[in-house]
Amino acid sequence: MNITELTVHELKEKLDKKELTVSEITKAYVDRINEKEKDVNAFVTTLTDEALEKAKQIEEKLSHNENLGEYAGIPIGIKDNMCTKGIKTTCASRMLENFISPYDGTVVNKVINEQNMIDLGKLNMDEFAMGSSTETSYFKKTKNPWDLSKVPGGSSGGSAAAVSANMVPWALGSDTGGSIRQPASLCGVVGLKPTYGLVSRYGLVAFASSLDQIGPITKDVEDSAILLSIIAGHDEKDSTSMNIPKKDYTKSLKNDIKGLKIGVPKEFFGEGINEEVKTSLNTAIEKYKELGAVVEETSLNIAEYALAAYYIIACAEASSNLGRFDGIRYGYRAKNCETLKDIFVNSRSEGFGAEVKRRIILGTYVLSSGYYDAYYKKAQKVRTLVKNEFAKNLEKYDVLLTPTSPITAFKIGEKTENPLEMYLSDICTVSINIAGVPAISIPCGVDKEGMPIGMQLIGKHFDEETILNTAYTYEKNTNFREKYKPTFKGGAN
Amino acid sequence: MKVTREELLHIAKLADLKLEEEEIDKYLLNLQDILNFANIVNKAPVEELKETIGSNDNYNVFRKDEIVEFEDEEALLQNAPEKEQNMFKIPKVI
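Those sequence lines, one after another, are chains B and R.
First residue of the first sequence: 1, per this note's numbering; consecutive thereafter.
First residue of the second sequence: 1001, per this note's numbering; consecutive thereafter.
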């Protein structure tokens, strides 16, 4: 048995039957990280020694029947924009290179302190989550385990690559415009962006506060439902989190979608979507019909408006959120500053990378007098349009089905010179954040180079159950994980 | 809309960013490119629509204004680039 190939629900079963111990599981992951990290570069900080130590402590407590969480002793990886007490939280930026959070974010607190999961480390990302390839990280470029010369997607590229390479059994990511779903798609794993307001953002370093959500990146849909059940819930410390009853999302997994109404927006299958991606999605659609779903073509003509509105709104919010980085209380401080203003300007100019500065400038521009009405205000109206169009479609259909990404993983360096081209790779995902609805990406095939293709299933507000069951049913009847595995080809040697 | 060099420098100043000479041309080009694309929002059929500010309808969430003391002062100050006693240190401002 190869421990690191198992899903979390399989690990949990073996722990319960005493076929495996917490230390054995943790050791297997530590060994795997030691073997693969040099190829994949998924981590900003690894906590392998600490993990082995914590595994021993948990085992000790379990032997005394101490009441730990249901998933005590299961390892996890955490995207490096979630505050972890006593452990660096860098946002993959020079600005926060040495930042040690004085507190745990709410979601981190749930998985680490309440559940007693074992933190294997902090995962690489695009700087401040701004990017679609994890190439804007100040520290390193994460590689796609399916082809090491290609990007893992982004911004949660470290999380998706680590899950895909079996270096962590599951991971937390964050999604502002596709940052969980797109890397999950490019790395052949499952990524879920919950409804805005389902999961607390307290302790998540803010990029665009009205769009950001934390969510699970997992090997399969059942694990996604488990991790979502753990992290969801109202939090007084995040006033945008909704006060609704907690749910056990695994109960929604029925492996049955007979009569389910699926809408396929034709605009998401048009120009700019790779032919192989279309073919793979069409095969998946046929599968759904075979499984008893009612599939219809529909229209959702907002993708381009939504993408433009997204970059206006997200950058505007970022320019305000990142105003806090001034080199005074925490973060990078430039040397040899004579005045206070010098500290602000020099620390920000030296501490932020090119993409972050580009977005701060764009955000400042669209909020500045003279342009506010033409860009920001218009974008907020487009947001209403997008919400309305989704609402109309989701009245008619239980689920909307689209590609997650218009293309499969691209070469490292291929799009770094042209920011707009990079932004266009988010065309299928950003509108979901603008509308605030939930969406899941699951693998549905590979292209001729063997790179994974992802399918996105979009649901109604707070109806994660339906998209989870839709994804689960497809997964159970197609078995992607048994057919395809990352090959780690394309390395430098 | 055409973005001028002066405008870019003005915006950078508002954002407390200093651009190096070689960055300016690149950012000008990028910004122009992105704004040309973003301009599509002005073609969207939104005349009749109101603005949406957030992703859900949570509005004015109130709570009691109670002080919760964060006791780990040391943890709060450990990230300060410069400090003296229990204070953040900055250059003289007056």
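Some clues are possibly wrong.
What the hints assert, rightly or not - Using C-beta positions, here's what the derived DEER-type ranges look like:
no.	chain 1	residue 1	chain 2	residue 2	range
1	B	Glu338	R	Gln1078	19 to 29 Å
2	R	Lys1013	B	Lys448	24 to 34 Å
3	B	Glu97	R	Phe1062	36 to 46 Å
4	R	Glu1069	B	Asn255	25 to 35 Å
What the hints assert, rightly or not - Some, not all, of what chain B presents toward chain R, calculated at C-beta under 10 Å:
no.	residue
5	Val295
6	Leu322
7	Phe352
I should point out that these hints are in silico values taken from the structure, not numbers from a laboratory.
Don't be surprised by glycine CBs; every beta carbon is placed ideally from N, CA and C.
CB-CB spacing for Phe1062/R and Glu97/B relative to the 36 to 46 Å hint:
38 Å, holds
Is the hinted range of 24 to 34 Å satisfied by the C-beta distance from Lys1013/R to Lys448/B?
For Lys1013/R and Lys448/B the Cβ distance comes to about 50 Å; the hint is violated.
Starting from the range 25 to 35 Å, see whether the pair Glu1069/R and Asn255/B falls in it by beta-carbon distance.
Given about 51 Å between the Cβ atoms, the range is violated.
Quick one: are Glu338/B and Gln1078/R within 19 to 29 Å, going by C-beta?
26 Å, holds
Can you verify the interface hint for Val295/B: is its Cβ closer than 10 Å to any Cβ in chain R?
Cβ of Val295/B sits 28 Å from chain R, so the hint is violated.
Taking 10 Å as the limit, does the beta-carbon of Leu322/B come near enough to a beta-carbon in chain R?
9 Å, holds
Does the interface hint hold: is Phe352/B within less than 10 Å of chain R, judged Cβ to Cβ?
Hint holds; Phe352/B Cβ to chain R Cβ min 8 Å, cut 10 Å.
Going through the hint list in order, the structure does not satisfy hints 2, 4, 5.
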